[in-house]
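Start from the sequences and build out the full structure, keeping to the hints where you can.
If you're matching positions, the sequence shown starts at -5 in the working numbering and goes up one per residue.
Since the hints were derived computationally from the structure, they do not count as laboratory data. Just so we're clear, the structure is a prediction, and the values are computed from it rather than from any experiment. Cβ coordinates follow ideal geometry from the N, Cα and C atoms, glycine included. Treat the hints with caution; some may be incorrect.
What the hints assert, rightly or not - Derived DEER-like restraints, expressed as beta-carbon distance ranges: (1) D109 x R32: 34 to 40 Å; (2) T44 x D109: 37 to 43 Å; (3) A90 x G41: 14 to 20 Å; (4) G119 x I18: 18 to 24 Å; (5) Q66 x I18: 19 to 25 Å; (6) D87 x G9: 32 to 38 Å.
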Amino acid sequence: MRTFTILIANGPNLGHIGQRQPEIYGSRSLADLPELVRDILGPEKAGRITLEHFQANGQGQLIDRLEAAMRQGVDGIVLNAGAYTHTSLALADCLAWIGIPCVEVHLSNILARNDEPLRHTSLIGRSCIGVIAGFGLHSYALGVCALWRRFMDAAQQTPKE
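In structure tokens, the structure reads:
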């Protein structure tokens, strides 16, 4: 059975998920993500997924990693671009051309952040297959599950030879 590689990519200030402002972002860390994916998908399906993690505070580093993911044949991306979600046309352009299905995720519900209306806008969303926000670390697990479903739907549509 085929396995799928999913890149979990995080932008600026997301290197300390679970420690940074837990009142906003929650207290679970990315080390908990495989367990959450297993809980949702079950061990058999989760066993067919390899998660790769990357975090960078620099926009160029993120773009370089996304381009490398394309060359490596990564199957999907779960991306929390942090503040670059709202400001980076360069990141949006990269996602548009690399052709890897991407789910935009956020730990907090960016639409409920009324004190910061800029957070209501996503420049990268147009290049993603969907957006999941507001569920803490579960947002990442749900993003992985959304990609899994997309992979399975595509497999069912592929003609058998």
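Going down the list of hints, with the structure as the test:
no. : hint                   : result
1   : D109 x R32: 34 to 40 Å : 36 Å, holds
2   : T44 x D109: 37 to 43 Å : 38 Å, holds
3   : A90 x G41: 14 to 20 Å  : 32 Å, violated
4   : G119 x I18: 18 to 24 Å : 20 Å, holds
5   : Q66 x I18: 19 to 25 Å  : 33 Å, violated
6   : D87 x G9: 32 to 38 Å   : 24 Å, violated
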